[in-house]
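Novice: So you can see what is in the structure, the chains are spelled out below.
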Amino acid sequence: MSNTTIHADSATTDGLRPSVDSTRASINPNDLAELCEQQIGRRDTRVAIERPVEVIGVGLDGTLDESLRTSGCSREISEGGILVELTGGQFYNSQPLLLGIHLATDGVSYAGVLVKRIQLLANHAVRLGMEFGGPAAEVLTTGMLMPHFDRELMAFVMPHSSRIYDSWVDAGVVEKTILDRVLVCHRCGALPTVRNACRQCKSGRLTTDRLIHHFACAYVGFVTDFEQAPGELTCPKCRMPKLVVGSDFEYLTGQHRCRSCGWRDSEAELCGHCLRCGNRFELSQAREQELYRYDVHQLDPLAVTTDMA
Amino acid sequence: MFINWIHWQSQLTWPDVALLLLGTMLVDMPRYTLSRVVMFVYDFVRDVKRAVSGADVERQAYDYCPSVCIILAGYNEADSVAVSIESLVGKYPRLEIIVIDDGSLDGMINNARPFGKKYDNVLVLGRPDRGGKSSAMNFALPYTRAEIVITVDCDTSLDPAAIWECVQPFRDPLVGAVSATVFARNPYVNLCTWMQAYEYLQSIFIGRMVAGRAGVLGITSGAFACLRREAVERTLGWDVGPGEDLDLTLRIRKLGYTVRCAAYADCLTDVPTRWKQLWKQRLRWEEASVVRQHCRKHLDLANPADAAFRWKNFFVSFELILINLVFGYVILFYIVWVVTNNPTQLLYVGGTFYILSLCLEVIHVLTLFYYSRNRLEHLVTCLVFPLTPFYQSWLITNRVVAYTREIFWRTSFRDNFVPQHVRDSTWKW
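In order, the protein sequence lines correspond to chains A and B. The opening residue of the first sequence carries number -10 in our numbering; numbering runs sequentially from there. The opening residue of the second sequence carries number 2 in our numbering; numbering runs sequentially from there.
Here chain A stands alone, though its shape is the one from the complex:
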């Protein structure tokens, strides 16, 4: 390792401002390759890349800190890390950042990075050697940007809190798109099963009247009224036998009757039964949960290095 390299270990006591080598020599291009070799066990392919970049500070929980937002230019990239020169800013070793790079084709692509090397340049510029990873990279993982169904909670959940996603949306990094709106238990937010139930006692033990409308004579009666002979239907009004459904008659749905409390009405109530807390409630009381997807252009170092090579 070259003696011109600035090590995070040699940072000042406050830990935020890196110490500066008085010679201000340029970083050794092999440093990143060595770094990669140390990290992943092989020397990585490095390619030169000059694109505008910006970095945003990231908290340990993944929240973006826009107060630390700096722009600059990339210099080199490999599968494991990237070398950038920024116009300013205060950095420390292993500091988690979100890197946005303006690729010509895909617009801005983002990657989570950790600061590994810091070198101050003239005019407060700073050169950073960064490896891909850290809390921002964890948030950017595809599965982390979509809600998923938690079998234990019986609910749709996001891996991180909404505060984190909101900060990413506010920073303009991700785009929030509504995926679905689901009705969930108003008490615990879990998914319910839904049934036509009694409006009085919310029981699902309902029977529904089935009637027959005989077209020829307009008679309407319960199916049992038509079952005068085994295996065939006969109209009790006009005595027409062997009625054929669709041609001679149609079935009609009448009232619902509750076997639990004796309630009768033509319209049952849609009721939910929470799969977690067992709460039974009218579906009109249910809470509506909005499910969002967060879209972001992720930086694919392998593709970039391959294309550039």
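Hints in this document: simulated from the structure, not taken from any laboratory. There's no promise every hint is true.
[Said to hold, decoys possible] Simulated pairs of lysine to aspartate or glutamate, DMTMM-like, Cα-Cα distance not exceeding 20 Å: (1) A:K165 with A:E256; (2) B:K119 with A:E258; (3) B:K119 with A:E256; (4) B:K119 with A:D254; (5) B:K118 with A:E258; (6) B:K118 with A:E271; (7) A:K226 with B:E234; (8) B:K255 with B:E200; (9) B:K119 with A:D214; (10) B:K92 with B:E200; (11) B:K118 with B:E97; (12) A:K165 with A:D54; (13) B:K119 with B:E97; (14) B:K92 with B:E148; (15) B:K298 with B:D425; (16) B:K255 with B:E234; (17) A:K226 with A:D214; (18) A:K226 with B:D80; (19) A:K226 with B:E97; (20) B:K313 with B:D173; (21) A:K191 with B:D107; (22) B:K118 with A:D214; (23) A:K226 with B:D425; (24) A:K231 with A:D214; (25) A:K231 with B:D425; (26) B:K281 with B:E231; (27) B:K281 with B:D271; (28) B:K281 with B:E378; (29) B:K298 with B:D416; (30) B:K118 with A:E256; (31) B:K118 with A:D254; (32) B:K255 with B:E231; (33) B:K429 with A:D289; (34) A:K226 with A:D237; (35) A:K165 with A:E55; (36) B:K118 with B:D160; (37) B:K92 with B:D48; (38) B:K281 with B:D160.
Please build the complex by placing chain B on the supplied structure of chain A, with the hints as guidance.
Specialist: Just chain B, lined up with the frame of chain A:
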């Protein structure tokens, strides 16, 4: 011209006059005028006696209060169903309302369902496809145990006391149906509606009052009809329409029940505003009435050999068949005969008939005022009475056309009042 007409009349011998006016004197006068005059004289004398003796004037006491079920069946009545339900709720203490959506496409059931949730006595039923008004009303029957069933159209609005009025005759257990009075809601839109308003006053308000008191009333208007549920269940409900209201009334009569009139049970309904619409409406009514019901389906009403024969039922059918059907054609042929043989006399004959009809109409108007409870408004409606002979001639023409179509082509069975699949399946009388 007038002088010539006077001369023409002066030349007529008494046999000529008798021949000319025989039909009117023997048919129209007893049927329409004489019956009213008799009723009027009877009531007038009774009232005078009461007044002289100082007795209280008889007032209608609403002391009979059977349970009532109003069936509100409609197709594509989303705009009117809510107003209709709201206007009915609370008008009667023992009231239940069953709303039937006959497969509407305009979301009628969605407008009715909130009332089913809001009021315990409102039941809303629907079906996915249209099946016709008769089966829609029959759909309600298994769900009511009320003593009286009232059918109301969605576009009909009842007078506040209408339900009370129409249930009182059911105190008599032999009364199976009660005919209410239908007035025009839009009487003064144009001459067409005005004439209909006057016609409704004379034929429904007074005409049915006379027929009801004579015990020969054979119709209840589908827009507002009151029926004893037991009687309806014994008939097993309405048959396929059009004319299902007339049909059910006749079947109730056959069971031995009588049909009364509650003249002061009022409701309002919209009448056609154009002559063409009116022509079509009346064609539909007439096609489904005398020929289809009285001459074909219920001819046994006039059969003395029938076990259930009753003379009053006989008169119900006989009157309609003779006066509406037979005399309709007779008048038509008479006009053709006059035009063919002596066209110059057509105006003279017509003028004579007009004068006679006008005299009878004056008597009709006077009797109407005696019974009217809203004399000022009815006075305005009656201002068109001089035009009645022309209007009646127009209606007679319509009737003859309708009867001819029904006799030869059974056009009532092709009426889209009933959906196609029901029309194809129903019994053809």
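Novice: None of the hints should be skipped; say for each whether it holds.
Specialist: Hint check:
1. Our distance criterion of 20 Å between C-alpha atoms is broken by K165 of chain A and E256 of chain A, whose separation comes to about 39 Å.
2. The straight-line distance between the Cα atoms of K119 of chain B and E258 of chain A is roughly 14 Å, inside the 20 Å bound, and the hint therefore holds.
3. With a C-alpha separation of about 12 Å, the suggested pair K119 of chain B and E256 of chain A falls inside the 20 Å cut-off, and the hint holds.
4. With a CA separation close to 12 Å, the supplied pair K119 of chain B and D254 of chain A stays within the 20 Å bound.
5. With a C-alpha separation of about 10 Å, the suggested pairing of K118 of chain B with E258 of chain A holds against the 20 Å cut-off.
6. At most 20 Å may separate the alpha-carbon atoms for a hinted pair to count; K118 of chain B and E271 of chain A meet this at roughly 14 Å.
7. Taking the CA atoms of K226 of chain A and E234 of chain B, the gap is about 10 Å. The hint holds against a cut of 20 Å.
8. A threshold of 20 Å between alpha carbons decides the hint, and for K255 of chain B with E200 of chain B the separation of about 29 Å lies outside it, so the pair is violated.
9. Taking the CA atoms of K119 of chain B and D214 of chain A, the gap is about 32 Å. The hint is violated against a cut of 20 Å.
10. Of the supplied pair hints, the one linking K92 of chain B and E200 of chain B is violated, its CA atoms being roughly 28 Å apart against a limit of 20 Å.
11. Among the hinted pairs, K118 of chain B with E97 of chain B is consistent with the structure: their alpha-carbon atoms are about 14 Å apart, no more than 20 Å.
12. A distance of roughly 19 Å separates the Cα atoms of K165 of chain A and D54 of chain A; the hinted pair therefore holds under the 20 Å criterion.
13. Taking the CA atoms of K119 of chain B and E97 of chain B, the gap is about 13 Å. The hint holds against a cut of 20 Å.
14. Taking the CA atoms of K92 of chain B and E148 of chain B, the gap is near 17 Å; set against the 20 Å cutoff, the hint holds.
15. Among the hinted pairs, K298 of chain B with D425 of chain B is consistent with the structure: their alpha-carbon atoms are about 18 Å apart, no more than 20 Å.
16. Among the hinted pairs, K255 of chain B with E234 of chain B is consistent with the structure: their alpha-carbon atoms are about 14 Å apart, no more than 20 Å.
17. For the proposed pair K226 of chain A and D214 of chain A, the alpha carbon gap of about 10 Å is at most 20 Å, so the pair holds.
18. Only pairs whose Cα atoms come within 20 Å are accepted, and K226 of chain A paired with D80 of chain B is rejected, the gap being roughly 34 Å.
19. Of the pairs offered as hints, the one joining K226 of chain A and E97 of chain B is violated, with about 26 Å between alpha carbons and a cut-off of 20 Å exceeded.
20. Among the hinted pairs, K313 of chain B with D173 of chain B is consistent with the structure: their alpha-carbon atoms are about 18 Å apart, no more than 20 Å.
21. With a C-alpha separation of about 30 Å, the suggested pair K191 of chain A and D107 of chain B falls outside the 20 Å cut-off, and the hint is violated.
22. For the hint linking K118 of chain B to D214 of chain A, the alpha-carbon distance of about 29 Å lies beyond 20 Å, and the restraint is violated.
23. The straight-line distance between the Cα atoms of K226 of chain A and D425 of chain B is roughly 18 Å, inside the 20 Å bound, and the hint therefore holds.
24. At roughly 14 Å between alpha-carbon atoms, K231 of chain A and D214 of chain A fall within 20 Å of each other, so this suggested pair holds.
25. The straight-line distance between the Cα atoms of K231 of chain A and D425 of chain B is roughly 17 Å, inside the 20 Å bound, and the hint therefore holds.
26. In summary, the hint linking K281 of chain B to E231 of chain B is not supported, as the alpha carbons are separated by about 35 Å, beyond the 20 Å threshold.
27. Pair hint K281 of chain B plus D271 of chain B holds up; C-alpha atoms about 15 Å apart against a cutoff of 20 Å.
28. Of the pairs offered as hints, the one joining K281 of chain B and E378 of chain B is violated, with about 28 Å between alpha carbons and a cut-off of 20 Å exceeded.
29. At roughly 17 Å between alpha-carbon atoms, K298 of chain B and D416 of chain B fall within 20 Å of each other, so this suggested pair holds.
30. A distance of roughly 9 Å separates the Cα atoms of K118 of chain B and E256 of chain A; the hinted pair therefore holds under the 20 Å criterion.
31. Restraint check for K118 of chain B and D254 of chain A: satisfied, since their Cα atoms lie roughly 9 Å apart, inside the 20 Å limit.
32. The suggested pairing of K255 of chain B with E231 of chain B holds, with an alpha-carbon distance near 14 Å, which does not exceed 20 Å.
33. The straight-line distance between the Cα atoms of K429 of chain B and D289 of chain A is roughly 79 Å, outside the 20 Å bound, and the hint therefore fails.
34. A C-alpha spacing of about 14 Å is found between K226 of chain A and D237 of chain A, which places the hinted pair at or below 20 Å, so the restraint holds.
35. The suggested pairing of K165 of chain A with E55 of chain A holds, with an alpha-carbon distance near 18 Å, which does not exceed 20 Å.
36. Using a Cα cut-off of 20 Å, the hinted pair K118 of chain B and D160 of chain B is violated, with the two alpha carbons roughly 26 Å apart.
37. The hinted pair formed by K92 of chain B and D48 of chain B fails the criterion: a straight-line CA distance of about 31 Å is larger than 20 Å.
38. As the CA atoms of K281 of chain B and D160 of chain B are separated by approximately 28 Å, the hinted pair breaks the 20 Å bound.
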